[in-house]
Each structure stands twice: as structure tokens, then as C-alpha cells.
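A.B. asks: Spelled out from the first residue to the last, the chains are:
2 protein chains.
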Amino acid sequence: MLVSLRLKAPVVLPCDPACSVLRDAVVDIDADGRIVHCGPSEDAPELPAGAQLRELTGILVPGLVNTHAHTPMMPLRGLGGDLPLMRWLTEAIWPSEAKMIDRDSYDGMLLGSVEMLRAGVTTSVEMFFHGEHMAQAVLDTGGRVVLTPGILSAPGLERLGTWQQLAEHTTRWIDTDGLRFGPGDRIELGYGPHSAYTLPPEAIAEISRMARDRGALMHIHVAETLAEDAKQREEHGSVPRLLEKIGALGGRVLAAHSVHLSDSDIEIFQRYDIAVAHCPNSNAKLASGTARLLDLLGGNVRVGLGTDGPASNDDLDVWDEVRLAALLARLDRGDAAALTAPRALLLATRDGAAAVGRDDIGALEPGRWADVVHVDVDSPAFPRGTDAPDVQLLSNLVWSAAASQVTDVWVAGQHVIGDREPTRVDRAKAQAEVRRIAERIAS
Amino acid sequence: MLVSLRLKAPVVLPCDPACSVLRDAVVDIDADGRIVHCGPSEDAPELPAGAQLRELTGILVPGLVNTHAHTPMMPLRGLGGDLPLMRWLTEAIWPSEAKMIDRDSYDGMLLGSVEMLRAGVTTSVEMFFHGEHMAQAVLDTGGRVVLTPGILSAPGLERLGTWQQLAEHTTRWIDTDGLRFGPGDRIELGYGPHSAYTLPPEAIAEISRMARDRGALMHIHVAETLAEDAKQREEHGSVPRLLEKIGALGGRVLAAHSVHLSDSDIEIFQRYDIAVAHCPNSNAKLASGTARLLDLLGGNVRVGLGTDGPASNDDLDVWDEVRLAALLARLDRGDAAALTAPRALLLATRDGAAAVGRDDIGALEPGRWADVVHVDVDSPAFPRGTDAPDVQLLSNLVWSAAASQVTDVWVAGQHVIGDREPTRVDRAKAQAEVRRIAERIAS
Numbered sequence: 001m002l003v004s005l006r007l008k009a010p011v012v013l014p015c016d017p018a019c020s021v022l023r024d025a026v027v028d029i030d031a032d033g034r035i036v037h038c039g040p041s042e043d044a045p046e047l048p049a050g051a052q053l054r055e056l057t058g059i060l061v062p063g064l065v066n067t068h069a070h071t072p073m074m075p076l077r078g079l080g081g082d083l084p085l086m087r088w089l090t091e092a093i094w095p096s097e098a099k100m101i102d103r104d105s106y107d108g109m110l111l112g113s114v115e116m117l118r119a120g121v122t123t124s125v126e127m128f129f130h131g132e133h134m135a136q137a138v139l140d141t142g143g144r145v146v147l148t149p150g151i152l153s154a155p156g157l158e159r160l161g162t163w164q165q166l167a168e169h170t171t172r173w174i175d176t177d178g179l180r181f182g183p184g185d186r187i188e189l190g191y192g193p194h195s196a197y198t199l200p201p202e203a204i205a206e207i208s209r210m211a212r213d214r215g216a217l218m219h220i221h222v223a224e225t226l227a228e229d230a231k232q233r234e235e236h237g238s239v240p241r242l243l244e245k246i247g248a249l250g251g252r253v254l255a256a257h258s259v260h261l262s263d264s265d266i267e268i269f270q271r272y273d274i275a276v277a278h279c280p281n282s283n284a285k286l287a288s289g290t291a292r293l294l295d296l297l298g299g300n301v302r303v304g305l306g307t308d309g310p311a312s313n314d315d316l317d318v319w320d321e322v323r324l325a326a327l328l329a330r331l332d333r334g335d336a337a338a339l340t341a342p343r344a345l346l347l348a349t350r351d352g353a354a355a356v357g358r359d360d361i362g363a364l365e366p367g368r369w370a371d372v373v374h375v376d377v378d379s380p381a382f383p384r385g386t387d388a389p390d391v392q393l394l395s396n397l398v399w400s401a402a403a404s405q406v407t408d409v410w411v412a413g414q415h416v417i418g419d420r421e422p423t424r425v426d427r428a429k430a431q432a433e434v435r436r437i438a439e440r441i442a443s
Numbered sequence: 001m002l003v004s005l006r007l008k009a010p011v012v013l014p015c016d017p018a019c020s021v022l023r024d025a026v027v028d029i030d031a032d033g034r035i036v037h038c039g040p041s042e043d044a045p046e047l048p049a050g051a052q053l054r055e056l057t058g059i060l061v062p063g064l065v066n067t068h069a070h071t072p073m074m075p076l077r078g079l080g081g082d083l084p085l086m087r088w089l090t091e092a093i094w095p096s097e098a099k100m101i102d103r104d105s106y107d108g109m110l111l112g113s114v115e116m117l118r119a120g121v122t123t124s125v126e127m128f129f130h131g132e133h134m135a136q137a138v139l140d141t142g143g144r145v146v147l148t149p150g151i152l153s154a155p156g157l158e159r160l161g162t163w164q165q166l167a168e169h170t171t172r173w174i175d176t177d178g179l180r181f182g183p184g185d186r187i188e189l190g191y192g193p194h195s196a197y198t199l200p201p202e203a204i205a206e207i208s209r210m211a212r213d214r215g216a217l218m219h220i221h222v223a224e225t226l227a228e229d230a231k232q233r234e235e236h237g238s239v240p241r242l243l244e245k246i247g248a249l250g251g252r253v254l255a256a257h258s259v260h261l262s263d264s265d266i267e268i269f270q271r272y273d274i275a276v277a278h279c280p281n282s283n284a285k286l287a288s289g290t291a292r293l294l295d296l297l298g299g300n301v302r303v304g305l306g307t308d309g310p311a312s313n314d315d316l317d318v319w320d321e322v323r324l325a326a327l328l329a330r331l332d333r334g335d336a337a338a339l340t341a342p343r344a345l346l347l348a349t350r351d352g353a354a355a356v357g358r359d360d361i362g363a364l365e366p367g368r369w370a371d372v373v374h375v376d377v378d379s380p381a382f383p384r385g386t387d388a389p390d391v392q393l394l395s396n397l398v399w400s401a402a403a404s405q406v407t408d409v410w411v412a413g414q415h416v417i418g419d420r421e422p423t424r425v426d427r428a429k430a431q432a433e434v435r436r437i438a439e440r441i442a443s
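Chains R and B supply the protein sequences, listed in that same order. Mapping to UniProt numbering: the first sequence position 340 is 340, numbers consecutive. Mapping to UniProt numbering: the second sequence position 286 is 286, numbers consecutive.
Calculated directly from the structure, the hints in this document are not laboratory data. Everything numeric in this text was worked out from a predicted model, so none of it was measured. One or more hints might be untrue.
Put simply, identical chains are the same to the list, so a pair is met inside one copy or across any two.
[Unchecked claim] Below, computed lysine to aspartate or glutamate pairings styled on EDC-like, alpha-carbon distance capped at 20 Å:
no.: 1; residue 1: K245; residue 2: E206
no.: 2; residue 1: K429; residue 2: D378
no.: 3; residue 1: K429; residue 2: D419
no.: 4; residue 1: K429; residue 2: D376
no.: 5; residue 1: K99; residue 2: D387
no.: 6; residue 1: K429; residue 2: D387
Starting from the given sequences, assemble the full structure and let the hints guide the process.
C.D. replies: The following block contains the structure:
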């Protein structure tokens, strides 16, 4: 394939398993938006005539993967701020969601997608309603999404339809448009049965069958809090045991949160290769607990990082999850090396992609989509700029560089953030639309 | 006193003990830089002729107080990123500090002071070397500092002098310039005996006497890790017991970290009214542990928040400490209301000031210095801007608003940050100086 765009920078982090640091390197991208080469400049092939060269001054990293989000909740940020999960859902969130209409999912997703892209988060795994509107928003901003429209029975949300209707809707959509579509395969569809406490077991079993038949991801909340899953634990031992018993674990499964897992639950995750979306900020803020990250990693369970919705975190900044995941793991073990800066960075990139079952994003390697983020080092966060030795540079990036150091972002080779601003949508207008929704819900 | 400057905003958070939210309110400031009035606009006195009115569109809060920092370490950020405390000190930090010269304390403090002011942190309690250079840097940026020059015996740092010489130096300085000086009392001096593991007990006892004789703050690391204080615990039961035994606890004492405290240690803190600088990010990153924040607060121990040095956190953003303090407290108790957003905000403002023994900063109240921060709400962090109800607004501020939402800062009524940039020093030049130091240390 012919190179159509070359990104060149003093430092490139391909996010290979060793978290290598390449100095003076390039990322070559073809016209379709796939990476064809990533390596030191001196080894790079000659740039073909007509190809564009973009020379950058900082660090190139793969776009971060947010493995669990409910982004259209942007207008609800800060509601029920100090409530635990079930009161937060029943008193603050569900009554507000009941006032949201189809088009709100477009506007919330649009602004949230911009917020994520500006932070270098190029992919999110989304569970919310009115998926077509969400897909359109992501197509408009130029982001990437794994879209698992939410399926649940919750008070006030009956107007969305029964779980059967919701599941059938997703099935029809997949059967019409395919599992992946859009330029650069930027939309992937999957199933989003909400949880074992908002759906009967037969619903989850049926949805799981639909997903497996189509090779689609099943994205479900598992063992987020002790209280919500009490009934399942009493009857079945645990939610993973319930899911195993009803035959819901054969396919691609992403278990969000997974805070309260016993050793035998982890064995179930291993047996069925279930992946975890670890959401440390949300789980701490709602006082749900902390997932056993190091035990999961030690057991070769696939783990990515998730922000959860912007109303329970309260942001969409995966860099924050990287830091908190590392801090909590270190406290857990009393060992400052329990989760190093480079290992934590991989969680948000390569591992996040793997958790979603994707080997075409999350790293800067030939054949993967060119989802690339440029981090500016002209900041006190980088006392020696890109000249620092590898360990210090990775520390500066992970511990000190905020999302605000991201200046440019490409998704499938398309330049979607330039000089910190979205290139395709009007950020002020997107924010004004979300404000209008927030005022309407409050009125 | 005549009002010379009035700040007017849709929301003012005076940080009174109830964390009130004032709507459409003003902060009136006299020519000396003290607050003379804070309240709703409708109750405000008529503005005298010649007084300046500044109308803002967001939220006014008191400047945040960073109760524990070593800010001149800016050039060392990211060194020894994944090491535990003692290896981090002996392998990465002390050898690098040994290469720092007097003037480096000016340059590091200058850039760090700018970083803090831009984040809305107006006061920091500092322990480092070459205090005169640090004081000059803070006078130059327009910030405020409680400066306790470091006193210790550490390998490679012998050139700084013996502990006696270091302590005498501080004493001479206080006896010459007084405890507080500079416009708006922007410099306060105190004593900084480093710790019980870097000083003999007789040194701490002697320094404590010097501090008490002068009404000065004694700022000391206490029980940061289990390993470093093992000798003291073996011989005396604990570091607080050692300090009590040698008579070092009679005066104003700020105990940084205080991670490993028993119930009887907390009783010692209560008995002598010892304050704690809680540093959750540093303590987690170095895997030292987590201080018993809720037990300390429940026991009426004064607690503020600290970032620790920029090389062990790795930033100087007190908002991050607010969030992590709340997250860890909630996880500790399994209760999402264990530390609410407003309570956490008070830790960084009013309580931080009280922890340092200051009732003239940390709140927007008549008689206090006008250290005021404006937080812009034109961001997805505030879905309803300043129109959100109090609970949501406080949640948006604490959980979602980053330091980057700070646009303007006043210290003792002087405008030191305008439109996100320092008004008195050249930020690019300050950053270049720190880079030069970092390169020299690495060479």
C-alpha cells in the first residue's frame, strides 16, 4: 500500500508489549487510514511523491481506548453527586433519563466525543439508548465507537420498549449494516444487556445467543456493587456463576466494573476468556469498591480501563483512570512497582483494544488503523522535553501530562483534532445543545 | 477601610464552615489587599468613586492551600518514577539534589509557583534549601508561601551545612525580617526539620525550642512509611511518641503525611493540637499507604491537603488531592457520602489554612487577605453553567473542573494570573531555566 501520510516525531510509543520508546521515528499511513510502517526515521522507506509529511515536536501514542462509557449522559453531569449507586440511579439518573428524547443521544454523544478526542481518547465502548443517533454523532466528530445499545427494564424507561424489542432492534441493525461499518470501520455494533439486576436471566441468555450468532460483543455490568447483585449472589453464588449457568459466556464478553469477584469468579473469567472494563474512578466515587486488577492481570484476564458515564466519574479522561488504576494497585500491594507507568499506559491502549477483542486499534503497528495522538512536551510536566531518558519520559507522560497536553489526533488517518480543537464540528455549538438539554431536564 | 477593588460573580463560595453558595455576589477588597465585605450583590455597599469593578462570569473561590510541598524539585520530575520512598530518595533524588546550587531553588520555585497559581493554588508550605532564593521567587510571581527551610543530614547534602548551621540560619532570618513580611504578608517563615529518620532526636528538640520561642511553625515529615521510621517505632513506639518524649510538640506543628498513626498517636495529635498535611497522591504513588483522614477529621485534628514535591506526585495540583482524598475516604468506608464534594473543597481551602495555623487566608471573609480564584464555567464540566443547583454546581467544580478552568487569580488583592497566564513573570523563560537545570543535573 502507498503511504499517503507520514507522522514524524522525536518520540513514538508504539505500545508494543514491551512499551518500547522509539526515538526520532515515523508512523506511515496509507490512503485507507491504516498504518503501513512504524519505526525509526533512519529505517523508513522513501516517502512517495504526493504523500504528506507532518513533523511533530512531542510524543506520538496510539489513541486511548475507553472500554466502558455512557457518554450521552453529558447533560446529567454532577446530578446526585454524593449518592451511592442505587440511590444515584433511582433518585437522580433514571428520572432524568426518562426525560431524554432520541435526539438528546446525538447531542450528548457529540459533545462527549469531542471531549474524549481532545483528551486523546479515540475509541469508546458505549452503552446508552438511541444508538443510531450516537453512531451519527461519532461519524460526525470523526471518532471511533463500539456501540452496544442498552437493553434493560428500569422504572420510568418503559417507553424505550421491552427488552425483547430493544434486543431485536440491535439484531436488525447488525443484520442490515453489518458488525462494522463507516469509513475506517469507525462504528462497531454489539449488544448491551445492562446487568443481572435490571434484566431477567432468560433475557441475558437470549441476548447472549443473538450476540454469539453474529460474532458480536456482549457488554454487561457485572458485580459493580455488593448490594445490587445480592439477589444473584444469594441464588447463584455470584453473577459470573449465574451467567455461566444460563450459558451466556460462550462468545465475546466484556464485563464492566467486575469489582466483587471471588477467586472462583476469576476462574470463570479465565475459562471463558471474559474481559474486564476496570473503572476505578467511578467505583471509588460511588463507593462501590476496587476491582482486583493485579489478580486479574496475573491470571491473564484481559483488562482495559473505562471512565463509566460522565455523570458518575465525572469526566471522560482515560488518563485519569491510568493514574488511579496505578495508585490503587500500588496501595493494594504496598509496592511502588506493582503497576509501573509503562504498564499502566498499556492498559489504556493495547490492552484496552484487546479487552474489546480488537487487534486493529490500540497500538502503532502495521495493519492497525492509524488512531494516533500527539502529546506536546512544551510544559513543566516534561522538565527535559523529549530528551529525558525512557523511564523519566514515560513517568512524565503518565503522571504529569494532563489531557490538555494533547494537541492533535488522527483516527483512521483522518485529522480530527488540530491544535486542541475539533476539525469537523463546532465545539461551542455542541456545548450549547447539551446545555439546552440539561435545562429542559431540570425544568 | 475603603474598597478599592470589587470582584462580582454569579457564584461566590466563601468557604465558610457550611460551604455556602452565594448567588450574584461580590468580594470587596481594600487597598492593602484585605477583604472588607463578601456577600450578595444586593447587600453590597455603594462602590466608592475610583474603586475598580471586575465582573466575572464563573465561580469565585478562595485560593487553595498546598500544605506540603518541595517545589524547587521541578527539574527532577519523573526521576525514579517507579521506586519506593527510600530507594527513590537515595538513588534518584538525593544524588540529583546534591548537584543543585543556590540559584536553582529560585528557578524551580519560580516555575512551580507559576504552575500552582495557574491552578488556583495561592499558598504553599515549602520545605527545601536556599530559602532566600525561594522567597524571592514567590515575591516575584506574586504568590504566597509558608517557608520552612529544610534541615537534615542526608548523604551527599553535607555541603548544605550541619543541622545546627541550617537551624541557626533560619533563626537569624526570622530574627532579622520577622515571622511574616512582604506585601500582603506574602512570606511566612518557619522551621523545617526534615524527619526523625534524617535528624537525631536532640536536633528536633532543639529546633522545636527555637520555633516555639518565636511562635513559628515547625513543619516535619511524620510516619510517612513503615520502613523509614522502623527504628523510632522500635525504640519509642512511634514517631509521635518520640516527638512527645523529647518535648518537641508544644508549639505550632504541621506533621506532613502522618500515614501510619495508631489510635494513641492520634490522641497525641489531639493533645498537642498537631495538624496534618494529608498527601494522598504522593503516598499512593510511592506506595507508602493512606493516612486515616476520616479518623483524623472525626477526632477534630486539623487537616489540610498537600501535593508533596513535583517529583513524587508528579504535579502541584491541589484539586487532584481534593478528588483523591474523597475517593480514598469513600472506598475506606464503602460510603459515597463519607466525604462529600463541599467537605473535600473545604479541606483544600479553609481547613488547609487552619492546618497551617492561619486564620487570615483560606476563606472569603472580612479581615482575611484577598486570595481569590476565578473558575470559568464555560466547559462541558458545567452542563448548566452557574445555573445548576448548589449540589450539582459543587459536584461539577470538585469532580469535573480541572485546574485548567482557572482563568484569574488574585493574591492579597493583586492580580497575579490573568486569562490563564502569569502577569508578573515570563512563563516560557521560567520553563527554559528549569530545563537548563535538568540538563545540568543529568549531565
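A.B. asks: Using 20 Å as the alpha carbon limit, work out where K429 and D419 are close: within a copy, between copies, both or neither.
C.D. replies: within (18 Å within a copy, 22 Å between copies)
A.B. asks: When no copy is named, should K245 and E206 be tagged within, between, both, or neither for a Cα gap of at most 20 Å?
C.D. replies: within (13 Å within a copy, 70 Å between copies)
A.B. asks: Check K429 against D387 for me: Cα-Cα at most 20 Å, and say if that holds within a copy, between copies, both or neither.
C.D. replies: Answer is between: at 18 Å across copies they meet the 20 Å cutoff, but 40 Å inside does not.
A.B. asks: Indicate which option fits the pair K429, D378 if close means a Cα-Cα distance not exceeding 20 Å: within, between, both or neither.
C.D. replies: between (30 Å within a copy, 12 Å between copies)
A.B. asks: 20 Å Cα cut-off: does K429 pair with D376 within a copy, between copies, both or neither?
C.D. replies: between (27 Å within a copy, 18 Å between copies)
A.B. asks: Cα distance capped at 20 Å. Does K99 pair with D387 within a copy, between copies, both, or neither?
C.D. replies: between (53 Å within a copy, 19 Å between copies)
Every hint, counting from the list given before, is met by this structure.
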